[in-house]
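Colleague: Spelled out, the chains give:
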Amino acid sequence: MAHRIDVHHHIAPPSYLAALHMRKLGAPPTMAWTLTKSLEDMDRAGVATAITSLTTPAIGPWVADAAGARRLARECNEYAAKLTSDHPGRFGMFAVLPMPDVDASLREIEYALDSLRADGVLFLTSYANRWLGDPTFAPLFDELNRRAALVYTHPTTPPGCEGLIPEIPESVIEYATDTSRTIGSLLFTGTAARCPDVRIIFSHAGGTMPFLIERFTRLPGMRKDLEARVPHGVLHELRRFYYDIAQAAHPMALGSLLKIVSVSQVLFGTDFPFRTSEEHVKMLGECGFAPTEIAAIERDNALRLLPRRQG
Amino acid sequence: MAIGDGGGLRRRALLGGLVVLGASALLPRRESSAQSPTPTHRIDVHHHHSPPAYVAALKSKGIGQPPTLAWTPEKSVEDMDRAGVATSLTSITTPALTFLETAERRRVARECNEWTRKLVADRKGRFGMFAVVPMPDVEGSLQEIAHALDTLKADGIGLLTSYGDTWLGDSAFTPVFEELNRRKAVVYTHPTAADCCKKLIAEVPESAIEYGTDTTRTIASFVFTGSAARFPDLKIIFSHAGGTMPFLTERFTRLPLANKQLEAKVPNGVAHELRRFYYDTAQASHPMALASLTRLVSTSQILFGTDFPFRTAADHVKGLTEYGFSASDLRAIDRDNAVRLMPQLKA
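So the protein lines, in turn, are chains X and P.
When the first sequence is numbered by our numbering, its final residue is 358 and no position is left out of the sequence of numbers.
When the second sequence is numbered by our numbering, its final residue is 646 and no position is left out of the sequence of numbers.
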């Protein structure tokens, strides 16, 4: 019986595709996305509900004009909202924001959460070499904290890290690294401690942060200025964040992550259409979790964050 | 550190789930950790020293971190004695000699290596050396490799993970690796922050994320340019448990599946290459890194390393002991694996 909730599932609304196409951007699976493909993938693997989001480059500095970015965000969000209402129970949505325009993003947060009843908002891990703890973005996190909102983050490649090694696509190393960077930025700028009510999901088991954990936990001891930014400690913040299992449903990643956080913080995610739900169900099943833990990861943990998806 | 076991993952089933790599022989054994420190026996493969010529060069540019500038042989020996380290393989840490002009770089490399050779001779048995070479100057590096290995009897060659924005698989460096492979040399690699990734986030030092990442990049570069398959006789040590590569293993192993060109570069498979490399424990002697690394490679590939003078040897002995390796695994990591790699250290 379909019961799973996928928090890492990408769609490509028509206006997004058009914008990508114009700039010759967009990975082939994004450009070839259809609603039918989403539903088929979900049905094959018992996914009841997918919370949709755009993948990188989402909306960022590449959309050169501010008005165009606002319009694109609005159209994408309207499309995702219609998808959600047209297919009751099958979809939810993380709204895209016209980043890095902070004022326009504040307005889109209001519209998406109040009028469209989005489940949360999407941020990329960075926008043009600014990570999420950057002071420029503070008004956004303050507003999301006031709303106790759900934030889903998706990695991207910062401008300087594109095309570093010709043989190696950025998805192999750079994406995960950027998630670690934005976690570092949120912690050590003090944003995480200042905004305790925002619930943040990090993709791909936290990028590479779990493997580097000691570098994070030792930092405040080495620099007193940073110690004040994490008054409750680094681990306190890392343990209240959420982590999806997309492209990380294997012991080398989860074995490390689960030594830091409890199962309650882990969410099912697939990275569709880049990977399948079926693969993730299979691999998660082989990691050796107890049935109750699998149930928590596949559904119950997400439901705590997404009360509207109770269905 | 107050990180408990998050619970939930049952070890045996987890290991059974290693389908990506189809391995069964890579088990972190946890039976007992009856670690009784035999007298001074450990070999530290990740131990930084600062020859006078290096300190002078750093100071002339107003750079260099305090622990590097304040290093003395006595501090090394003191740290080693406190933690049962018999021998430390010395190397120069980042930025190595990259900040010098070519002629200067060759000169300082030579002076550093000569000085280190004397240190090795003067403190019999306590030190070995990974010689510094004037990379990215290929011609100068080839000359220094010959001098260091033939005349100075260095234990191996120390390289950074990248030079500028060029990683070790780059074709520019092929002559260096051809020569090192011909000599079946030991190559020790140390991370740096590549040009792409310096000073990205004011609050987060490069050592926190960028170093680990650059090791991962150079492993990828070495594997997917075909260098790893082409130079099977090289013995390469990657620092800090492989940077972040073990956590990203699946991204590595899946890559050739989607790209036939890359598949040809790794005729023996990605996992084959990753499993024959060596990995040190410096700043990674904790369960979050070791649990991941030990699922990927066998204990025979893991070497004791400390990152002195940035961390202590005692710290690492504690971390490794608490991880719960068996006494024989611990012995292999602390010493035997390094002796297999560098038999001259046996004495």
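Hints in this document: simulated from the structure, not taken from any laboratory.
Please note that a few of the clues may not be correct.
Stated by the list, open to error - So, partial list: chain X residues that the calculated Cβ filter (under 8 Å) puts toward chain P:
#1 G115
#2 R117
#3 I215
#4 L266
The beta carbon of each residue, even a glycine, is placed where N, CA and C say it ideally should be.
Colleague: Hint by hint, work out which the structure violates, then give me just those numbers in ascending order.
Modeller: 1 and 2
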